[in-house]
Amino acid sequence: MPNLIRTTSNNKDFINLVKALDAYLKITDGDEHEFYNQFNSVESLSNVVVLYFNENAVGCGGFKKFNDNSVEIKRMYVNPNNREKGLGKQILNGLEDWAKELGFLSCILETGKRQIEAIKFYKKCDYKSISKYGQYKDMKNSVCFKKELM
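Residues 103 to 252 in the numbering used here are what the sequence shown lists, from first letter to last.
Worth double-checking, as some hints may not be accurate.
[Claimed, not checked] Straight line, CA to CA, 27 Å or less: simulated BS3-like cross-link-like pairs of lysine-lysine: (1) 215 to 166; (2) 239 to 187; (3) 226 to 166; (4) 114 to 230; (5) 225 to 239; (6) 234 to 248; (7) 230 to 215; (8) 215 to 234; (9) 187 to 202; (10) 242 to 114; (11) 222 to 167; (12) 242 to 202; (13) 230 to 202; (14) 202 to 225; (15) 215 to 248; (16) 191 to 202; (17) 230 to 167; (18) 225 to 114; (19) 187 to 242; (20) 187 to 225; (21) 114 to 166.
By construction, these hints were calculated from the structure, which means they are not laboratory data.
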């Protein structure tokens, strides 16, 4: 039975999952990896979830405040051996519920065009495409999404 815990970016299982995510992104991002990587620091994430399945950490995600009304979803990852089981949705739902509890009205996020599975996943979870924001405005391989939490 999956077990989702709330924690911070100091959680050792979260750190290990993010290392696996970064290894994957280094391949998919190619030459742009260093640019994107500079915005993926997890040191300051105080809103993190880790999903355990059979007592093993298999997925994670986090968010940080974007503005007074929105959080930015960061570092979403599910171990490849545990995908297609609905675990990513559990992680994302856990983050959205937590953001709502804190009074936020929406979630935004950025992913890469090369991350086809992620794009499909976010669309399936009712995220709508939005204009690129912040540091991603001029990045041709960025795709940004938003979901209202009402």
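| Is the Cα-Cα distance between residue 225 and residue 239 27 Å or less? | It holds: about 20 Å lies between the C-alpha atoms, which stays within 27 Å.
| request: With a cut-off of 27 Å on the C-alpha distance, tell me whether residue 230 and residue 202 pass. | output: Holds, at about 18 Å.
| said: Hint check: residue 187 vs residue 242, CA-CA at most 27 Å. Holds or violated? | reply: Measuring from Cα to Cα gives roughly 31 Å; hence the hint is violated.
| task | With a cut-off of 27 Å on the C-alpha distance, tell me whether residue 215 and residue 248 pass. | result | Status holds; Cα separation ~16 Å.
| message | Run the distance test for residue 230 versus residue 167: straight-line Cα separation, threshold 27 Å. | response | At roughly 19 Å apart (the allowed maximum being 27 Å), residue 167 and residue 230 satisfy the hint.
| Satisfaction of hint between residue 166 and residue 114, Cα-Cα up to 27 Å | 19 Å, holds
| said: Holds or violated: residue 191 and residue 202, Cα atoms, limit 27 Å. | reply: This hinted pair holds, its Cα atoms lying about 16 Å apart.
| query | Is it true that the CA of residue 242 sits at most 27 Å from the CA of residue 114? | reply | 34 Å, violated
| message | Just to be careful, I want the Cα atoms of residue 230 and residue 215 compared with a cutoff of 27 Å; is the pair within it? | response | The hint holds at about 15 Å.
| request: Would you check the hint for residue 215 and residue 166, treating anything up to 27 Å between C-alpha atoms as holding? | output: Roughly 22 Å between the alpha carbons, so the hint for residue 215 and residue 166 holds.
| query | Is the Cα-Cα distance between residue 114 and residue 230 27 Å or less? | reply | 32 Å, violated
| field | Holds or violated: residue 234 to residue 248, with C-alpha atoms at most 27 Å apart | value | 11 Å, holds
Consistency note: the structure conflicts with the earlier hints numbered 2, 4, 10, 12, 18 and 19.
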